[in-house]
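Chains as they are written, first to last, in the working numbering: chain A, 1 to 323; chain B, 1 to 141.
Treat the hints loosely; a few may be bogus.
[To be verified] Derived DSS-like pairs: lysine-lysine, alpha-carbon spacing no greater than 25 Å straight-line:
hint, chain 1, residue 1, chain 2, residue 2
1, A, Lys-27, A, Lys-177
2, A, Lys-221, A, Lys-179
3, A, Lys-290, B, Lys-90
4, B, Lys-90, A, Lys-314
5, A, Lys-177, A, Lys-83
6, A, Lys-314, B, Lys-91
7, A, Lys-221, A, Lys-197
8, B, Lys-91, A, Lys-290
9, A, Lys-76, A, Lys-208
10, A, Lys-179, A, Lys-76
11, A, Lys-83, A, Lys-144
12, A, Lys-216, A, Lys-290
13, B, Lys-5, A, Lys-314
14, A, Lys-177, A, Lys-131
15, B, Lys-5, A, Lys-208
16, A, Lys-5, A, Lys-203
17, B, Lys-91, A, Lys-208
18, A, Lys-290, A, Lys-76
19, A, Lys-83, A, Lys-5
20, A, Lys-5, A, Lys-27
21, A, Lys-203, A, Lys-221
Simulated from the structure, these hints should not be mistaken for lab results.
Note that the coordinates shown come from a computational prediction; the quantities given were computed from them, not determined experimentally.
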Amino acid sequence: MKRPKLAIVYGAICGGCDVALVNLGEKLTTILEKYDIVYWPAVVDFRRDELKRISEVDIGIYMGALVSSEDIELAKLLRSRSKILVAYGTCTIYGGIPGLSALLGAKRVLEEVRFTLTTSLEEVELPKLAKLPELLESATSILKVVEPNIFAPGCPPSDSVNEALLEVLSDYARGIKPKGRIFLGEPTPLCNKCTRKPTDTSKISMSKIRRLHELKLIEDKCFLEQGVLCMGPVTRAACDLPCIKNNLPCVGCNGPALDIDDMGLEMLSALSSLLLVEEERELLEEGLVKEMDRLVDLIGILYRYTLPSSLLIKLKLGDHRGE
Amino acid sequence: MVEWKPRIVAFLCRWCAGSAAELAGISRLSYPAEIIPIILPCSGRVSPRLIIEAFLNGADGVLIGGCHTPNDCHYISGNFKAFKRVYLLKKLLSQLGMNPMRLRIEWISATEAQKLVRVVEEFLNEVENLGPLGGIFHEKA
Ligand code: FES
Numbered sequence: 001m002k003r004p005k006l007a008i009v010y011g012a013i014c015g016g017c018d019v020a021l022v023n024l025g026e027k028l029t030t031i032l033e034k035y036d037i038v039y040w041p042a043v044v045d046f047r048r049d050e051l052k053r054i055s056e057v058d059i060g061i062y063m064g065a066l067v068s069s070e071d072i073e074l075a076k077l078l079r080s081r082s083k084i085l086v087a088y089g090t091c092t093i094y095g096g097i098p099g100l101s102a103l104l105g106a107k108r109v110l111e112e113v114r115f116t117l118t119t120s121l122e123e124v125e126l127p128k129l130a131k132l133p134e135l136l137e138s139a140t141s142i143l144k145v146v147e148p149n150i151f152a153p154g155c156p157p158s159d160s161v162n163e164a165l166l167e168v169l170s171d172y173a174r175g176i177k178p179k180g181r182i183f184l185g186e187p188t189p190l191c192n193k194c195t196r197k198p199t200d201t202s203k204i205s206m207s208k209i210r211r212l213h214e215l216k217l218i219e220d221k222c223f224l225e226q227g228v229l230c231m232g233p234v235t236r237a238a239c240d241l242p243c244i245k246n247n248l249p250c251v252g253c254n255g256p257a258l259d260i261d262d263m264g265l266e267m268l269s270a271l272s273s274l275l276l277v278e279e280e281r282e283l284l285e286e287g288l289v290k291e292m293d294r295l296v297d298l299i300g301i302l303y304r305y306t307l308p309s310s311l312l313i314k315l316k317l318g319d320h321r322g323e
Numbered sequence: 001m002v003e004w005k006p007r008i009v010a011f012l013c014r015w016c017a018g019s020a021a022e023l024a025g026i027s028r029l030s031y032p033a034e035i036i037p038i039i040l041p042c043s044g045r046v047s048p049r050l051i052i053e054a055f056l057n058g059a060d061g062v063l064i065g066g067c068h069t070p071n072d073c074h075y076i077s078g079n080f081k082a083f084k085r086v087y088l089l090k091k092l093l094s095q096l097g098m099n100p101m102r103l104r105i106e107w108i109s110a111t112e113a114q115k116l117v118r119v120v121e122e123f124l125n126e127v128e129n130l131g132p133l134g135g136i137f138h139e140k141a
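Build out the structure end to end from the sequences listed, making use of the hints.
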């Protein structure tokens, strides 16, 4: 029987996604035995031209953010060759950490890089010497370029998401094709799955805003109730709660839960309904402001992983009016 | 070329700011026509998303009018919720590079038709000075 072909390509990748996949160890190798790996920079030595020459792969996996013209081309190339395209990792799906560069724009990002003290003169001249791919104004979601079939969210995708992906791979090798648009992992908000329960589930109130080092954490109690900002209410529960279990609040790396498209705005709204609800009347506006001013870098908190695919960034890029 | 006029969306709660707008009408006070009032049950109903969508759909400024704190809101504490949302959103927008003056919240009771007119005129003026909201990469905060 002909073995199905697998290609894995990288955009702007930190390597974590690759490691997360490889971490599956034996489970991965037993499935990969059924596949021909035609492209995967970390594993087999093929050049990009060879990917171009291949007429068809069965499963194409795109990892990493799309930050340059080259990444866009690569995503298009992979889409055109693959029967099933997998968007792997939060960077690919929502922009991820590199997506925060959308705040600065390409020109300022390059300036920042070139004029830091650690950069040598030769590097400053680099773009003139070599023709580098053009940096996009903002890192972008793969969805703005092509339509993937399968989404594996997470930074990096959790074991449960990876195992769900392996299942798809092994099904495919047995001739069962995935249908429609599939999001791997639990779709509901993280709070549903969280082990730290609030005192009263129907009414969580945050009586202060504190950073982790500023308080003595009670280990089985809801973070929000203790005043620590946690993105649980709006984040997809596709992970195995590694942060929560290790006494760290959720930072939203799985992207928005089902039916939420802009997790930052949604969380901002939720936060306003939780924060100091019992104390509103005595604190009044001034007191509320004082506590809210403890939140610095709101974008970094609310949009750490999803800025390029947010409504908010449309406002920044001014692409809403076609002017 | 047509002269640019700012567009302002005002979300007013039905019990206070909205009633004030009606009172202004009944008392024949006039206020600028650039403002589009939208009456909602309570200022606490205004989600951040509603505000952002207003900006995305062409508003140059967004005004939110509710009942006076601490005790006037018809739904007890909707105005406090609105206040927190607007304050945090202002922080968010200025981090993004947009002038937070484009967003304003005011408490206007049902009898304060005069105040409504003053606020609308003032706000319109401010937004007019800021100019149209295009791409906001270079807007000075
Ligand atoms: S009813 Fe006016 S602010 Fe709630």
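Now the hints, each set against the structure:
Among the hinted pairs, A:Lys-27 with A:Lys-177 is consistent with the structure: their alpha-carbon atoms are about 20 Å apart, no more than 25 Å. This hinted pair does not check out: A:Lys-221 and A:Lys-179 have alpha carbons roughly 40 Å apart, beyond 25 Å. Note on A:Lys-290 and B:Lys-90: the hinted pairing holds, with a Cα-Cα distance of about 15 Å set against a maximum of 25 Å. With a C-alpha separation of about 16 Å, the suggested pairing of B:Lys-90 with A:Lys-314 holds against the 25 Å cut-off.
This hinted pair checks out: A:Lys-177 and A:Lys-83 have alpha carbons roughly 10 Å apart, not beyond 25 Å. For the suggested pair A:Lys-314 and B:Lys-91, the alpha carbons sit about 17 Å apart, so the restraint of at most 25 Å is met. Taking the CA atoms of A:Lys-221 and A:Lys-197, the gap is near 5 Å; set against the 25 Å cutoff, the hint holds. Distance check on the hinted pair: B:Lys-91 and A:Lys-290 sit about 13 Å apart at the alpha-carbon level, within 25 Å; holds.
Of the supplied pair hints, the one linking A:Lys-76 and A:Lys-208 is violated, its CA atoms being roughly 48 Å apart against a limit of 25 Å. The hinted pair formed by A:Lys-179 and A:Lys-76 meets the criterion: a straight-line CA distance of about 21 Å does not exceed 25 Å. As the CA atoms of A:Lys-83 and A:Lys-144 are separated by approximately 19 Å, the hinted pair is consistent with the 25 Å bound. Between A:Lys-216 and A:Lys-290, the direct Cα distance comes to roughly 22 Å. Compliance with the 25 Å bound is thereby established for this hinted pair.
Under the criterion of a C-alpha separation no larger than 25 Å, the hint pairing B:Lys-5 with A:Lys-314 is consistent with the structure, at around 22 Å. A distance of roughly 41 Å separates the Cα atoms of A:Lys-177 and A:Lys-131; the hinted pair therefore is violated under the 25 Å criterion. The hinted pair formed by B:Lys-5 and A:Lys-208 fails the criterion: a straight-line CA distance of about 42 Å is larger than 25 Å. The straight-line distance between the Cα atoms of A:Lys-5 and A:Lys-203 is roughly 52 Å, outside the 25 Å bound, and the hint therefore fails.
A C-alpha spacing of about 18 Å is found between B:Lys-91 and A:Lys-208, which places the hinted pair at or below 25 Å, so the restraint holds. Simply put, A:Lys-290 and A:Lys-76 have alpha-carbon atoms about 49 Å apart, too far for the 25 Å limit, and the pair is violated. Taken as a hint, the A:Lys-83 and A:Lys-5 pair is honoured in the structure, with Cα atoms around 10 Å apart against an allowance of 25 Å. Distance check on the hinted pair: A:Lys-5 and A:Lys-27 sit about 18 Å apart at the alpha-carbon level, within 25 Å; holds.
Note on A:Lys-203 and A:Lys-221: the hinted pairing holds, with a Cα-Cα distance of about 14 Å set against a maximum of 25 Å.
Hints 2, 9, 14, 15, 16, 18 from the earlier list are contradicted by this structure; the remaining hints agree with it.
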